[in-house]
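Number of protein chains: 2
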Amino acid sequence: MADKRKVWKDNFTEWFHDVILGAEIIDYRYPIKGFGVWLPYGFKIRENVLRLLRKLLNDSLHDEMLFPILIPESLFEKESTHIKSFEDESFWVTHGGTTRLDVKLALRPTSETVITPMIKLWVRSHADLPRRIYQIGSVFRYETKATKPLIRIREVTTFKEAHTYHANHEEALKQVEEAINIYKQFFNEMGLPYMISKRPQWDKFAGAVSTYAFDTLFPDGKVLQIGTVHDLGQNFGKAFDVTFETKDGRKEYVWQTSYGISERVIAALITIHGDDRGLIVPPNMAPIQVVIIPIPYKEKEQDVNNVCNTIHETLDREGIRVKLDDRPELTPGSKYYEWEQHGVPLRIEIGPRDVKEKSVTFVRRDTLERARCDEEKVVEEVVELLKNIQDNLFERASTWFKDHITKTDDLKEAEEKIGVGIVEVPWCGNEECGLKIERLIETRVLGTDVETEKAINHKCLVCENKACHRVRLARAY
Amino acid sequence: MADKRKVWKDNFTEWFHDVILGAEIIDYRYPIKGFGVWLPYGFKIRENVLRLLRKLLNDSLHDEMLFPILIPESLFEKESTHIKSFEDESFWVTHGGTTRLDVKLALRPTSETVITPMIKLWVRSHADLPRRIYQIGSVFRYETKATKPLIRIREVTTFKEAHTYHANHEEALKQVEEAINIYKQFFNEMGLPYMISKRPQWDKFAGAVSTYAFDTLFPDGKVLQIGTVHDLGQNFGKAFDVTFETKDGRKEYVWQTSYGISERVIAALITIHGDDRGLIVPPNMAPIQVVIIPIPYKEKEQDVNNVCNTIHETLDREGIRVKLDDRPELTPGSKYYEWEQHGVPLRIEIGPRDVKEKSVTFVRRDTLERARCDEEKVVEEVVELLKNIQDNLFERASTWFKDHITKTDDLKEAEEKIGVGIVEVPWCGNEECGLKIERLIETRVLGTDVETEKAINHKCLVCENKACHRVRLARAY
Numbered sequence: 051m052a053d054k055r056k057v058w059k060d061n062f063t064e065w066f067h068d069v070i071l072g073a074e075i076i077d078y079r080y081p082i083k084g085f086g087v088w089l090p091y092g093f094k095i096r097e098n099v100l101r102l103l104r105k106l107l108n109d110s111l112h113d114e115m116l117f118p119i120l121i122p123e124s125l126f127e128k129e130s131t132h133i134k135s136f137e138d139e140s141f142w143v144t145h146g147g148t149t150r151l152d153v154k155l156a157l158r159p160t161s162e163t164v165i166t167p168m169i170k171l172w173v174r175s176h177a178d179l180p181r182r183i184y185q186i187g188s189v190f191r192y193e194t195k196a197t198k199p200l201i202r203i204r205e206v207t208t209f210k211e212a213h214t215y216h217a218n219h220e221e222a223l224k225q226v227e228e229a230i231n232i233y234k235q236f237f238n239e240m241g242l243p244y245m246i247s248k249r250p251q252w253d254k255f256a257g258a259v260s261t262y263a264f265d266t267l268f269p270d271g272k273v274l275q276i277g278t279v280h281d282l283g284q285n286f287g288k289a290f291d292v293t294f295e296t297k298d299g300r301k302e303y304v305w306q307t308s309y310g311i312s313e314r315v316i317a318a319l320i321t322i323h324g325d326d327r328g329l330i331v332p333p334n335m336a337p338i339q340v341v342i343i344p345i346p347y348k349e350k351e352q353d354v355n356n357v358c359n360t361i362h363e364t365l366d367r368e369g370i371r372v373k374l375d376d377r378p379e380l381t382p383g384s385k386y387y388e389w390e391q392h393g394v395p396l397r398i399e400i401g402p403r404d405v406k407e408k409s410v411t412f413v414r415r416d417t418l419e420r421a422r423c424d425e426e427k428v429v430e431e432v433v434e435l436l437k438n439i440q441d442n443l444f445e446r447a448s449t450w451f452k453d454h455i456t457k458t459d460d461l462k463e464a465e466e467k468i469g470v471g472i473v474e475v476p477w478c479g480n481e482e483c484g485l486k487i488e489r490l491i492e493t494r495v496l497g498t499d500v501e502t503e504k505a506i507n508h509k510c511l512v513c514e515n516k517a518c519h520r521v522r523l524a525r526a527y
Numbered sequence: 051m052a053d054k055r056k057v058w059k060d061n062f063t064e065w066f067h068d069v070i071l072g073a074e075i076i077d078y079r080y081p082i083k084g085f086g087v088w089l090p091y092g093f094k095i096r097e098n099v100l101r102l103l104r105k106l107l108n109d110s111l112h113d114e115m116l117f118p119i120l121i122p123e124s125l126f127e128k129e130s131t132h133i134k135s136f137e138d139e140s141f142w143v144t145h146g147g148t149t150r151l152d153v154k155l156a157l158r159p160t161s162e163t164v165i166t167p168m169i170k171l172w173v174r175s176h177a178d179l180p181r182r183i184y185q186i187g188s189v190f191r192y193e194t195k196a197t198k199p200l201i202r203i204r205e206v207t208t209f210k211e212a213h214t215y216h217a218n219h220e221e222a223l224k225q226v227e228e229a230i231n232i233y234k235q236f237f238n239e240m241g242l243p244y245m246i247s248k249r250p251q252w253d254k255f256a257g258a259v260s261t262y263a264f265d266t267l268f269p270d271g272k273v274l275q276i277g278t279v280h281d282l283g284q285n286f287g288k289a290f291d292v293t294f295e296t297k298d299g300r301k302e303y304v305w306q307t308s309y310g311i312s313e314r315v316i317a318a319l320i321t322i323h324g325d326d327r328g329l330i331v332p333p334n335m336a337p338i339q340v341v342i343i344p345i346p347y348k349e350k351e352q353d354v355n356n357v358c359n360t361i362h363e364t365l366d367r368e369g370i371r372v373k374l375d376d377r378p379e380l381t382p383g384s385k386y387y388e389w390e391q392h393g394v395p396l397r398i399e400i401g402p403r404d405v406k407e408k409s410v411t412f413v414r415r416d417t418l419e420r421a422r423c424d425e426e427k428v429v430e431e432v433v434e435l436l437k438n439i440q441d442n443l444f445e446r447a448s449t450w451f452k453d454h455i456t457k458t459d460d461l462k463e464a465e466e467k468i469g470v471g472i473v474e475v476p477w478c479g480n481e482e483c484g485l486k487i488e489r490l491i492e493t494r495v496l497g498t499d500v501e502t503e504k505a506i507n508h509k510c511l512v513c514e515n516k517a518c519h520r521v522r523l524a525r526a527y
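Protein chains in written order, with this note's numbering: chain P, 51 to 527; chain W, 51 to 527.
If you're looking for bench data, these hints aren't it; they were derived computationally from the structure.
Treat the hints with care, since some could be wrong.
Because identical chains cannot be distinguished in the list, a pair is counted as satisfied if it fits within a single copy or across any two copies.
[Claimed, not checked] Quick list of in silico lysine-lysine cross-link-like pairs, DSBU-like style, CA-CA up to 35 angstroms: (1) Lys373 / Lys297; (2) Lys427 / Lys288; (3) Lys408 / Lys427; (4) Lys509 / Lys408; (5) Lys504 / Lys406; (6) Lys373 / Lys105; (7) Lys234 / Lys94; (8) Lys170 / Lys509; (9) Lys54 / Lys128; (10) Lys516 / Lys154; (11) Lys297 / Lys94; (12) Lys83 / Lys348; (13) Lys105 / Lys94; (14) Lys297 / Lys348.
Extracted from the complex, chain P is given alone in its bound form:
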């Protein structure tokens, strides 16, 4: 299938803004820059995304909890790398009423410094470990760069952060692997393609030993980081003096990991699957999976409505999220437009001919193809089509993603391709060469894929010494 997404590709920023508001996802006209309001339809997509995420985490022995939004400065500054990175981009509460507070309070930008001191109260011995917890809520970043809906915002309203605590480094590293697997499943279910890179040392999370990140690609050729997993080593354990008694009676600092996902995944869901008509929500995540639209025709209105009602009930009984749009004041055409914009994956049209022939007409949102089937087979057909749409969206997205990755040993080609996607070039592994290439071709070093191809027979693109890995480069949000 040829990709006919023109506005989507050529004028992505405009397309994105139009879809966010047109499909009633979120409204950023609130009078503080970077703060938005989730609209009912967007909120339902968010709920479906979070339901999946909660299920994956609960099934893998994570406990959901809820921690305070404010952090006293005295806690926040305990881990020195961490505070250095976050203090300038935090909002600070200084007053309660007209009273100046004794200790400034930060609106949490992330919760390592909130949770670790509580862990100190709860963990005494190796028997209290491992412990895996998560919370979903708002975090805040005082962004000074231009904000962008769902991507660079000041109140991140949908931050899922998991924090785990372990008795040794091996166990923590196994947890890092498990977290990566959980996120893989999560993105697969949403039909989002990604690559996982170990971030270079100069771009890891503040306070981490190492950071693994999931990146996806947008139509403008920029990557979006949609998930991160951190091995925190004992950095926070030491800063907060969290020790436990080992099996052989020693005191040891706790080992820690953390991993996060935000509403950026919803930005990705919208972008990766959308087209020039608007949103296409994968059936798994769709608030409405099927919309039924009656095509009335004079003197046949009642017959058409009866069939629509029957089919609505039948699908609803099967647990399919179905809506019958029987608003009499709107034409079928304007309903098509509205639900296409909102990305409902499957439309059923029922007109006098369908009634007469005991059939229904389908229109798929992804391919816009029409088909008909017998009325009595409607459930099987809907189930089959929704599955096909889900698979097709993922396939289309994956193909597009792969088509925009270029492997090259040539600096000029790298420079050309960097505007349209991801480029993989040989690298010696030195920070100096990494930073140099970031400047040379105006890019960001995403990091290396530790799982795949070494590049030992190639030369570093910068210093021409022996390369060890291919490093991934791209412009990034």
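For chain P, the structure is supplied; the task is to place chain W on it using the hints.
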């Protein structure tokens, strides 16, 4: 059944603190006063409570949304009564990083001033009305009084606030009635007794025309307000200049209501049903409805475990929230203690005698009564018992509540009874007399019940003029 709750009654504050932490509801040892951490077990109770609340609201055409946590001072101060009441008890953000912000931002204490300006963007004509929305999230109060777990806190983490918008006052008043009905259902499902009072003018919500409140009673004789419903008239509509075009083409200010519930309902759920052994969670809200405890006996361990596993699977398959506690390192007695403290409504014990006789032993958490039944009838018996426990808890609570309401025309009796419960006395309806009685017998005027008994043949307890209503008095949290 005689009420044997001694510590609960005589030393309520201590009891409450012990249960909150002992049953792992919430941990207030976070280093900012009035900020707590929801523990996994408490979080699950919270989830069950919110699931019920969401269902009731969604079924009555409310849309869930999410609004920003911060309010620019310029918006916050638009409704003058509102800001006067809230400005001294708000937390204020003044800095982003080291930069002083141009406009101070308040952490929302409630969201009328967040939502109304957005409504102005969304509502143009009568066809856009009514509109019913709600959100669940944190609100903040800079409390200067002593804080109390779940009751008087600085981060209210579980604030459900609904806001509705209407074309005329009649419709808004009908919504007030509907909101009251929704809350009645909500509290009934949780087995919480309440009375609904129209708050006196001097104690209504800042910015409201009138406020209706749900109060319940605690063992120390104090009432706790657990829900409020406000008719806001056009006060916010005028302050924010939100108009719509009526059917006959006029401009009119929008009519508004709002209503809220917070984690105080969880404080009530814990308190109202608890006893000297700890929590008793009503089956509807229980994270674990049934706990199975094997009673091992030498050489019979395997048989006992097999039966436990079978019963666990059987109940789980029926959708009952069941847990098998097969930790080998703990004695049955310590497991009883733990799950009684956590309020699991029903315990199943299975020992060698049960295995031999193909029976199971039940212990109800509410009455601590033991019973046995055939193994093959276990599902019916569990379903029946859970229903009985649910009903019995509500009945016990309702009886206790009614027993602590005194109707009197005698000031001395009123004064005596005010320490143990609610007192209803005749009142002329004048604010002056209301405020005087608050001082005279150290109480709070809860308000009047407009539905029931007038008191026209009685004299106001203060001025001795003709009374119009009985007014309710109690000490209050």
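A quick look at each hint next to the structure:
When the C-alpha separation of Lys373 and Lys297 is checked against a cutoff of 35 angstroms, the pair qualifies only between copies, where the shortest distance is 29 angstroms, while the shortest distance within a copy is 58 angstroms. Proximity of Lys427 and Lys288 under a CA criterion of 35 angstroms is satisfied in neither setting, with 63 angstroms inside one chain copy and 55 angstroms between copies. Taking CA atoms no more than 35 angstroms apart as the test, Lys408 paired with Lys427 passes inside one copy only; the shortest distance there is 10 angstroms, against 48 angstroms between copies. Proximity of Lys509 to Lys408 under the C-alpha cut-off of 35 angstroms is found in neither arrangement, the shortest distances being 68 angstroms within a copy and 75 angstroms between copies.
With identical chains, the CA atoms of Lys504 and Lys406 are never at most 35 angstroms apart, being 64 angstroms at best within one copy and 65 angstroms at best between copies. Taking the shortest alpha-carbon separations for Lys373 and Lys105, both the intra-copy value of 26 angstroms and the inter-copy value of 18 angstroms come in at or below 35 angstroms. With identical chains, the CA atoms of Lys234 and Lys94 are at most 35 angstroms apart both within one copy (22 angstroms) and between copies (27 angstroms). Taking the shortest Cα distances, Lys170 and Lys509 never come within 35 angstroms of each other, neither inside one copy (48 angstroms) nor across copies (61 angstroms).
Taking identical chains as interchangeable, the C-alpha atoms of Lys54 and Lys128 are never at most 35 angstroms apart, the minima being 53 angstroms within one chain and 49 angstroms between chains. Neither within a single protomer nor between protomers do Lys516 and Lys154 lie at most 35 angstroms apart by alpha-carbon distance, with minima of 51 angstroms and 55 angstroms respectively. Taking the shortest alpha-carbon separations for Lys297 and Lys94, only the inter-copy value of 32 angstroms comes in at or below 35 angstroms, while the best intra-copy value is 47 angstroms. Proximity of Lys83 to Lys348 under the C-alpha cut-off of 35 angstroms is found in neither arrangement, the shortest distances being 51 angstroms within a copy and 69 angstroms between copies.
With identical chains, the CA atoms of Lys105 and Lys94 are at most 35 angstroms apart both within one copy (16 angstroms) and between copies (14 angstroms). In this homomeric assembly, Lys297 and Lys348 come within 35 angstroms of each other (Cα to Cα) only across copies, at 29 angstroms, whereas the closest approach inside a single copy is 82 angstroms.
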